[in-house]
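Enquirer: Knowing the structure of chain V, use the given hints to seat chain A on it.
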Amino acid sequence: MFESRRDIFSKLRRNRQKARAIAARIIVLALLCAGGLRLPAQEKNPYAGDAKMAKLGEYQFRSNCAFCHGLGARGGGRGPDLTRAQKHHGNTDAELFHNVHDGIAGTAMPAATNGGIGVGMSDEEIWQVITYIRSLEKKTSAAETGNSAHGKELFYGVAGCGTCHMVNGKGGRLGPDLSSTGASRSIEYLTESLRNPSKRLAEGISEPLKDFSQEYETVTVVTSEGTKLQGVVLNEDSFTVQMLDTREQLHAFEKAKLRSYEKTRESLMPTYDTKALPEKDLKDLIAFLLAASEKGGGQ
Amino acid sequence: MKIARVIRFIPYFIVFCVLPSSSRAQVTSERLLHSSKEPQNWLMYSGDYAGHRFSALDQINVSNAATLVPKWVYQTMAGGKFETTPLVVDGILYGTGQDDRVYALDARSGRPIWQYQQTLPVDIRPCCGRVNRGVAILGDKIFVATLDAHVVALDSKTGNVVWDATAAEHAKGYSFTLAPLVIKNLVLVGVSGGEYGIRGFIDAYDAATGARKWRFYTIPGPGEPGHDSWEGDSWKIGGSPSWITGTYDPATNTTFWTTGNPSPSNRGEGRAGDNLYSNSLLALDPDTGKLKWYFQFTQHDEHDYDATQVPVMIDDGDRKWMAQANRNGFFYVVDRTNGKLISATSYAKVSWSTSKDATGRPVPDKAGAPTPDGNRVCPGALGATNWMSPTYDPQTKLFYVTAREQCDIFSTAPQPYEAGHAYYGSAYFPNDDTQPFWGALRALDPATSKLKWEWKHTSPTWAGVLSTAGGLVFTGDAEGNFIALEAASGKVLWHFQCGASVFSSPMSFAIDGKQYVAVAAGSALFAFALP
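Chains V and A are the protein sequences, given in the same order.
So in numbering that gives the first Met the number 0 the end of the first sequence lands on 298, straight run, no missing numbers.
So in numbering that gives the first Met the number 0 the end of the second sequence lands on 530, straight run, no missing numbers.
Just chain V, with the same shape it has in the complex (with noise of 0.2 Å):
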């Protein structure tokens, strides 16, 4: 009729028997995926050096990371030039898995989703694309460029950086933060920022995700007082704005109630040509802003 209360408590222990055995089973599995599988799978590339994967990479990277880093990996507006072998974000395979696998918190850095829109990439096409990176790296260091005690001291002197960026947490806050910019930017292109500042405003990669976009551009203002500031546009929309002045003061704006409001894309920093800075001067610096990053850009 009834079962005794012996044989209920002996069917559960067998019960529980069973469960442990089941959950001993499981816990190795799940220590087999972690440290047989999940190692191989995401510490080392399986296709280093595979010409034909890096091939298949450079097709993802078109799909996936060209529209920030741009074709080729040499940059774009919002993502760092990837053809840099020291990367701010890690060097290692895993550090680069691992940024595009799951993103870079704080920077505009996405998730990989399988299969998805954005980048949508499975473990085996991120291995892909990292091949295709690795393809192309360029080593690039500061002792070879130039000296960067000297850049240092041209940086923070006579040539007046200092006075508006920052690196490492010393310096002037009108201009972008280069901190990192030696490890996201070509030396081609940190030359030009220099000779030639206007030609391409600095979109502001080295900080942290801002959901709108700062250009740098320039912005000079009369208030209703009749005060007139210069300084860069910190951000703006079509009837406020919201400024850094060439003092370092906040100040924000309604457009309608300012007396005139002119902006442009012509950069507040000067024209660093070559009798400015000649070009053992121009090397030092870049081989400053490069140490600063190999260091590890904002520590």
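Derived by calculation from the structure, the hints in this document are not laboratory data.
Nothing here was measured: the structure is a model prediction, and the numbers come from that model.
Keep in mind that a hint or two might mislead.
List of simulated lysine to any residue pairs, SDA-like, C-alpha gap at most 25 Å [stated by the list, open to error]: (1) LYS451/A <-> PHE238/V; (2) LYS256/V <-> PHE495/A; (3) LYS348/A <-> CYS67/V; (4) LYS212/A <-> LYS289/A; (5) LYS36/A <-> ALA55/A.
Some chain A residues close to chain V (C-beta under 10 Å, calculated; not the full set) [stated by the list, open to error]: (6) THR118; (7) GLY367; (8) PRO371; (9) SER425; (10) GLY479.
Even glycine gets a Cβ: it sits at the ideal position worked out from N, Cα and C.
Expert: Below, chain A without anything else, positioned relative to chain V:
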């Protein structure tokens, strides 16, 4: 004595008060046909069957728009783009939100009456956000089309599911984002998935039972006319989705739907031909789904120029037009009785086409095709406009459209098809122009296609446009402003900072004689009125 007499009459009063309101609670197909007779309500996605997105309410007008204030805000508490155009029926607002949320609100206070959310599987394939643009209504049912490719009928009083029809396999890239369109007793929907190599279709479901009454494949099968516009088997995975709500002409019993890009969107290799009926205007019989005629805007598209913009019916005397400001940068006026092109005029910067065929239709230049190293083409991949609604104002006789001035570099790369995997064969990226992208609200005269005025946005926006009998147009911007302009001149009269980008098209309604204008921005639905 007097009081007693009054009390005796109370039951009659109750009967009189309740009867009309309970009969009004039923939205009949007759009411949908004559939506202009009840401007206090917004009965379908575009406000009316003509796709005008025009409100005949004029309490908010040019003289007082500057005093508009927010009256209530409803928060969906969800992330992602919030694209809904709500409906309002007799004081109740029905809207959707991110991740297929549906809700009924007290339209006077914004307080929720019921909320519903579709249980979405993990392997859905929304291309461009977990978005939904709105519901349709008939009788006591609310219809929503979901990201897992279902069409669901909800009880308008409780939000309970009445029926749930599966249209297609979501894991293969099929999804719905649009607001359905009710015609007679049928619920019409078009599918999304042009980024996944689907075979597009437009479906009609019986509003009472959820049984599918017809399906029109937007890519003709073997033996059907137009099938030979596809190379080999490419028709099977040729895209041509139909992801924006259509319009309906009761006079000819014709429903007009538009279609999107052929797949893969940015690679023409492997799908030689015009790729019918991608990027087309389709005239269908709503009872049978039979094609009456079609007009293809962009043949053999390689730039993702979906024609999925609401096709707007405009009558000019005896002339029956269909106007569309297309994503490809041309403003088309088509005779909607036969599909013949009347005019095609660029309303934004265009470089993909520099010539027209014998009918006046712009044809693509070979030189504009995407290349491995990239080719700069205007408009860019997001188009000169996109899904955000235009409006036609019968008072000013002007067509207002959100224009985006953005050119992109189109590159191409081979990509094998894999079910459920993004399939676009390429990418686009921002060009090297020193000038940033910008946008504008443009007022076009459909009779001449000429620009009447424009209001420049700081950056390209994803907000649609509403016009009202108060002489106003309303739109939003990417910086979060909701803006009222004078419809005749484009002069800005009022703006409100919503705190996040406007990714929706506004609408208007009235309760107790008070007019509201509503718009979704960020994760919030705002309702504005006079103080």
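Enquirer: Kindly indicate which numbered hints from before are broken by the structure, ordering the numbers from low to high.
Expert: Checked against the structure, the hints that fail are numbers 6 and 7, while the rest are satisfied.
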